[in-house]
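S.K.: Whenever a hint applies, use it, and build me the whole structure from the sequences.
So the sequences go chain by chain: A and B.
In terms of my numbering, the first sequence opens at residue 11 and continues consecutively.
In terms of my numbering, the second sequence opens at residue 11 and continues consecutively.
These aren't lab readings, by the way, just hints derived from the structure by calculation.
Wrong hints could be hidden among the right ones.
Quick partial rundown of chain B residues pointing at chain A, CB under 8 Å, derived from the structure [as the list claims (entries may be wrong)]: (1) PHE142; (2) LEU143; (3) LEU159; (4) GLY160; (5) GLU405.
Computed from a prediction, not measured in an experiment: that's the story for all the values here.
For each residue, glycine too, the CB sits at the ideal point set by N, CA and C.
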Amino acid sequence: MRRILSLLCFALVLVFLGCDDRPAPLKVDLSLREEISPEVRQPVITYAYLPQFSHTVSFERHQALIRYLAATTGLDIRQVFTENFHDHIQMLAHGKIDISYANPFVHALATERHGARVFAKIIELTGEAAFGGLIISRRDNDEITTLADCRGKRWIAVDQFSAGGYLFGLGHFIDHGITPADFAEIAFAPGPGGKQESVILGVYFGHYDVGTVREGALELLADKIDLSRIRVLARTPRYPGWSYAARPGLDDEVVERIRQALLALDREDPEDRLILEQAAMGRIIAASPADFLPVRDLVRRTGL
Amino acid sequence: MRILLRFLTHLSFRAKISLGLAVIIIVFGLLLGSMSYVISSRTVLDETIKRGQILAINLSARSVESILAMNFLRLTVLATEITQLGEEADISYAFFLDRDGQVLAHSFRTGFPVALLQVNPVEDDQPYAVRFLDTGEERLYDFAAPVMLGQTRLGTVRVALSYSSVKASLDRLMRISITMTLGATLLALIGGGLFARTVTRRINALRTSVGNMVKGNLDVRVSGNLDRNCWEIKDCHQDNCPAYGDRQRRCWYVAGTLCPGCGAGEFPDKMANCLDCPVYRHSVGDEIQSLAESFDYMAWRLKNHIDELSRSEKRLSRQKQLLKTILDVTPDMVALQDEKLVYLAVNKAFCRHLGREEDEVVGHTDFDILNPEQADRNFHEDRQILLTRTPLSKEIMTRGGEGKKWHHVVKVPVIENQRIIGLLSTARDITVVKQYQEKLIHSQKMEDLGRLAGGVAHEINTPLSIILGYAQLLLKDLPPNDQVAQDVAIIEKQTQACRKIVADLLSFSRGTDQAREKLDVNHSIREVVDLVEQIFRQNRIVILSNLDEQIPPIFGDRERLRQVWINLLNNAADAIGTDGCIAVKTKLCPHRRRLVVSVADTGTGVAEEDLDKVFEPFFTTKAVDKGTGLGLSVTFGIIKDHGGRITVLSPVPSEYQDFAGECEYEPGPGTVFFVELPLEGEILPDDECIEIPKKG
Chain A
11 MRRILSLLCF ALVLVFLGCD DRPAPLKVDL SLREEISPEV RQPVITYAYL
61 PQFSHTVSFE RHQALIRYLA ATTGLDIRQV FTENFHDHIQ MLAHGKIDIS
111 YANPFVHALA TERHGARVFA KIIELTGEAA FGGLIISRRD NDEITTLADC
161 RGKRWIAVDQ FSAGGYLFGL GHFIDHGITP ADFAEIAFAP GPGGKQESVI
211 LGVYFGHYDV GTVREGALEL LADKIDLSRI RVLARTPRYP GWSYAARPGL
261 DDEVVERIRQ ALLALDREDP EDRLILEQAA MGRIIAASPA DFLPVRDLVR
311 RTGL
Chain B
11 MRILLRFLTH LSFRAKISLG LAVIIIVFGL LLGSMSYVIS SRTVLDETIK
61 RGQILAINLS ARSVESILAM NFLRLTVLAT EITQLGEEAD ISYAFFLDRD
111 GQVLAHSFRT GFPVALLQVN PVEDDQPYAV RFLDTGEERL YDFAAPVMLG
161 QTRLGTVRVA LSYSSVKASL DRLMRISITM TLGATLLALI GGGLFARTVT
211 RRINALRTSV GNMVKGNLDV RVSGNLDRNC WEIKDCHQDN CPAYGDRQRR
261 CWYVAGTLCP GCGAGEFPDK MANCLDCPVY RHSVGDEIQS LAESFDYMAW
311 RLKNHIDELS RSEKRLSRQK QLLKTILDVT PDMVALQDEK LVYLAVNKAF
361 CRHLGREEDE VVGHTDFDIL NPEQADRNFH EDRQILLTRT PLSKEIMTRG
411 GEGKKWHHVV KVPVIENQRI IGLLSTARDI TVVKQYQEKL IHSQKMEDLG
461 RLAGGVAHEI NTPLSIILGY AQLLLKDLPP NDQVAQDVAI IEKQTQACRK
511 IVADLLSFSR GTDQAREKLD VNHSIREVVD LVEQIFRQNR IVILSNLDEQ
561 IPPIFGDRER LRQVWINLLN NAADAIGTDG CIAVKTKLCP HRRRLVVSVA
611 DTGTGVAEED LDKVFEPFFT TKAVDKGTGL GLSVTFGIIK DHGGRITVLS
661 PVPSEYQDFA GECEYEPGPG TVFFVELPLE GEILPDDECI EIPKKG
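M.R.: What follows is the structure in structure tokens.
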């Protein structure tokens with residue numbers, strides 16, 4: 011009898027001990043309050059990547075390259091993120107971006123209108139110095155099988171300053187006798203960032219009939235959507251690829267140090283190769299303004 | 011504790027079961043309720059922590075772009091939006107830090123509490139960190155999650171969940187838990203109460219039945235009737251089966267059932283065959299039901315046994331009474347002693363003989379009830395019998411107030427299973443048998459004496475006649491005065507005396523011829539009395555006659571009967587000497603088949619040891635020259651020749667001492683002779699005459 015009673019008491023004690031197993035709370039005094047404004051540290055050299063992809067992708071692609079540049083040049087280089095292509099151009103024009111990595115369309119505009127200087131260009135991972143755009147639709151959309159079928163349809167483009175995602179496609183349409191007026195609607199992907207993906211998803215989910223993206227954009231979503239449901243209607247002609255430009259007024263010496271560092275990246279060196287591949291680049295070579303003449307011509311032709 | 015135990019001990023069984031069940035149910039209800047509350051509260055807490063983790067991780071993922079873009083507005087919106095999430099609004103705050111720990115955005119309206127920066131740090135490789143904080147106003151769970159992009163730390167997200175909302179959930183859980191526990195406990199208590207009632211109702215029925223049994227009422231019935239009885243299940247019509255129609259007992263309690271599958275014998279021997287029987291499987295109840303049925307069966311068996319016992323007891327009692335009556339009525343003394351010679355049982359005759367009550371004898375030994383000498387003798391004798399295992403049979407003579415008594419004693423050892431367990435003693439009064447035996451011996455002796463005397467007399471008679479004849483011839487030849495003649499005369503006289511003796515002897519031995527004729531006994535007696543009365547008077551001896559005139563005449567020898575009366579009267583006068591009375595009385599016995607003549611005197615009486623010898627020839631107590639000792643012998647012979655009997659008693663019994671108040675002399679012990687004569691025939695009839703008292 012006594013043993014049973016003892017067991018019962020023990021069980022009850024265990025139960026009530028188990029009731030409160032929270033750790034003792036840590037005392038925190040919340041009465042001391044401050045208005046905190048984040049410390050804005052103006053980097054010496056700001057580096058921006060045209061937000062054709064999400065900030066995350068931009069960050070991941072260029073983080074290693076920026077660390078390499080900072081280490082190589084001894085400059086304090088920091089990546090900044092712009093909300094959209096227009097912002098990018100504006101920030102480059104207003105000197106908030108020191109080094110810009112952008113498409114030839116943006117740099118054609120920036121050099122022509124705001125005095126930016128292109129000092130290096132990249133060779134694509136494919137080994138080509140040029141790149142083009144893709145005109146896509148949904149494979150199950152039987153109404154659109156040829157370019158001509160795009161008339162009267164809703165078109166989503168990456169940005170009005172996008173090269174592969176708008177300018178090349180627009181040029182291709184015009185070359186095939188389709189003007190912007192022929193479309194029921196021309197929309198641009200919402201920002202900030204991730205605009206290439208937005209175009210593909212917009213077509214994929216049927217919000218738009220036709221989309222224009224740059225080459226290689228589809229592969230970014232390979233693990234998110236079923237790419238076989240996307241039909242590539244046409245591939246645009248290829249134009250000079252992405253390039254580096256310095257803001258107007260940036261110290262030439264700084265530009266040169268950066269240019270040297272970029273050009274010094276050796277694809278044969280495993281570390282350099284890793285940096286280049288992360289940034290989706292084959293290699294970086296020197297560039298001259300003349301390299302971008304075909305793009306300027308295209309801008310003019312499209313009337314942008 | 012002891013008081014509690016005492017209290018519990020005095021509770022009824024039902025109260026104990028109910029209380030026990032209630033305690034168990036309440037304890038387990040509390041335990042289960044507590045455990046379920048603990049488990050639920052832990053789950054709620056875990057869920058809360060998980061929710062906090064998810065919130066923090068989610069916010070971390072959502073803030074990556076904004077942190078990269080330094081979009082403070084968007085971060086602020088994220089922080090404030092999340093604190094307004096849900097109806098509960100249990101998220102106390104949210105804020106973002108950059109990789110250097112600088113606050114990027116927060117949800118506080120009135121400035122950022124800097125103390126929060128010091129707590130709950132989180133490393134890059136940790137998915138999150140949680141810390142329980144007490145702000146003084148409230149308690150909260152602070153969750154921190156690193157904002158990572160690849161391997162790069164962009165900053166930190168901090169979210170806090172208020173513990174008060176968690177506590178409200180826990181309180182709600184506790185209320186639900188308590189309510190459910192109480193409800194379940196109440197239901198269990200009601201169920202337990204019903205269960206206890208069901209169990210105790212049957213046990214109480216058993217108890218009531220036991221009480222009835224204790225009071226002697228064996229007609230108890232605890233188990234109820236079955237819905238279907240064995241003959242209904244089997245659909246049999248064997249109304250000669252003992253179980254058929256018996257609704258009180260289950261068939262397996264009934265011996266001699268006729269179902270083919272039934273085992274032989276009684277319960278529980280026949281149970282082996284019952285276990286697979288469809289009737290048993292249908293009718294068998296739970297343990298209490300079995301107990302009740304067994305109890306009923308036991309009561310039934312007990313009642314039968316008690317009835318049987320009662321009948322046996324009555325029989326035994328009657329037999330015992332009969333045996334006691336037989337033992338008590340039997341004149342023999344019977345006693346049973348155990349191996350230590352303590353009396354176990356005695357009959358009334360035994361008690362009477364000892365002059366004690368049965369209670370005074372049973373349980374005692376001879377030493378308690380007899381004189382030491384007798385007890386010692388008995389003890390050694392009894393021990394000898396028990397040791398030798400040999401029965402004892404003997405005749406003993408005792409003298410007491412009632413005179414000489416003879417007993418035939420038989421003592422038998424009682425042997426049971428080769429072991430002596432006692433001693434049975436019986437004693438039969440054989441005084442009468444002994445008397446008859448003595449009489450027989452005596453008469454045989456008289457017969458032999460008579461024959462001897464007759465033979466001797468006959469042989470002497472002839473030489474005596476020759477002597478007498480020659481003596482008388484000599485007298486004739488001799489002158490009377492001659493001296494020789496005088497001597498011869500003496501020879502002749504003495505020879506005559508011898509002849510007289512020889513004639514008496516012949517008379518005693520029936521040696522003489524009888525002249526039978528019809529005569530009146532009273533007349534014969536009167537003649538003799540008249541003859542001797544004058545002579546006796548000289549010695550102041552009075553003869554008182556009381557003769558029954560109803561006596562009819564008998565056949566007899568007149569002269570010899572006169573001789574009898576003369577002898578008896580002479581004998582009486584000799585016993586008196588002088589100054590006494592002789593009472594002569596005749597009486598017809600009531601059955602009128604014999605007459606009795608009694609001659610009683612007031613003389614000196616006869617000694618007891620001489621009583622048997624008075625009729626022997628030549629026995630006399632008189633002086634040598636006073637008698638020959640042949641008077642009574644002759645009388646005996648004469649009466650015997652008449653088919654009668656003569657007996658003597660001394661002293662005279664009281665009824666014969668009363669000489670009708672006519673005797674003026676002081677009476678002595680006296681002697682009385684009774685002469686019985688048959689009225690017809692030559693032998694006395696078988697029936698005794700009550701007029702003659704027995705010898706003491």
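S.K.: For each hint, tell me whether it holds in the structure or not.
M.R.: Hint check results:
no.	hint	in the structure
1	PHE142	5 Å, holds
2	LEU143	5 Å, holds
3	LEU159	6 Å, holds
4	GLY160	6 Å, holds
5	GLU405	81 Å, violated
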